[in-house]
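Using the sequences and the hints, build the whole thing.
Protein chains: 2
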Amino acid sequence: MNLEMHPARSWPGGRLAELTPAECLDLIDDEQVGRVVYCDDHGPLALPVNFVVQERTILFRTAQDNALARHLIESATCAFEVDHVDHLLRSGWSVLARGSAAVVRHLSSDADAAWPLPWPEGARPLIIRITPLELSGRRLVPS
Amino acid sequence: MNLEMHPARSWPGGRLAELTPAECLDLIDDEQVGRVVYCDDHGPLALPVNFVVQERTILFRTAQDNALARHLIESATCAFEVDHVDHLLRSGWSVLARGSAAVVRHLSSDADAAWPLPWPEGARPLIIRITPLELSGRRLVPS
Chain R
1 MNLEMHPARS WPGGRLAELT PAECLDLIDD EQVGRVVYCD DHGPLALPVN FVVQERTILF
61 RTAQDNALAR HLIESATCAF EVDHVDHLLR SGWSVLARGS AAVVRHLSSD ADAAWPLPWP
121 EGARPLIIRI TPLELSGRRL VPS
Chain Y
1 MNLEMHPARS WPGGRLAELT PAECLDLIDD EQVGRVVYCD DHGPLALPVN FVVQERTILF
61 RTAQDNALAR HLIESATCAF EVDHVDHLLR SGWSVLARGS AAVVRHLSSD ADAAWPLPWP
121 EGARPLIIRI TPLELSGRRL VPS
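As they're listed, the protein sequences go chains R and Y.
Here the first sequence stands for residues 1 to 143, where the numbers follow this note's numbering.
Here the second sequence stands for residues 1 to 143, where the numbers follow this note's numbering.
Everything labelled a hint here was simulated from the structure, so no lab data went into it.
Misleading hints may appear alongside valid ones.
[To be verified] These stretches of chain R come out as covered by chain Y in the derived footprint (C-beta under 8 Å, 3 or more residues):
| # | stretch |
| --- | --- |
| 1 | 23-35 |
| 2 | 46-55 |
| 3 | 86-98 |
| 4 | 118-125 |
[What the hints assert, rightly or not] Per label pair, the in silico range of CB-to-CB distance:
| # | chain 1 | residue 1 | chain 2 | residue 2 | range |
| --- | --- | --- | --- | --- | --- |
| 5 | Y | H87 | R | A17 | 22 to 28 Å |
| 6 | R | T131 | Y | L89 | 27 to 33 Å |
| 7 | Y | S143 | R | E23 | 34 to 40 Å |
Small disclaimer: the values here were computed from a predicted structure and weren't measured.
Cβ coordinates follow ideal geometry from the N, Cα and C atoms, glycine included.
See the structure below:
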């Protein structure tokens, strides 16, 4: 990117407002993609997954033998980040759920796997539930 | 979300393809929002920021006295995640840069702060550079 193409600030910056936990849940309930945040031996990382909200927890699916599953099972501490960006208005919101992960279901076949529904092909028999201990978020309001 | 509203899988899932580091850099170069991923005393977390790519590194700005700045200065290990989601085609891409962070510049005034340009109002005099040691990504191609 040519840095000189960045215009000087010719518009007023937006205002950040904290979201309540109830607002956070309402907002992420409408989304389909969020990011699992966890640590492996090389440090922290974030990976997008499809998810659903169920009774104030976050559910997503993964394969049984991948690094994500192994690390979440070994060390349950993790987070989940969801955001929504409006490039035109330079605004949006973000939500961070911090808590722990646990395997809640091991699907024996794909037939009973109506939810959550991963966009990529391939078997993802593990359903992981993240239970938030902290739920925080911010909205960036255009000024 | 009413889970019963999720349709059964009536479309073929998309195909995941690994991106090369060069493709990763090309893709994130066009984006304005990514997520800093790091750990504090409560575990891993991810926070969206505005960023630019400069010579294969990622630059973003932050306030001098916030938790993000403190933790990145204390423990430089971090990651940066950028993705692009196409809800209509249920496709997209994601890039993960894993490496270390360092303060590269402390702006004395906002006058010389043309880049990177945060959308929110407020002083963000620290420019942090993340130097990726690993750069990986995946594209989800509609089938």
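Broken hints, by number: Result: no hint breaks.
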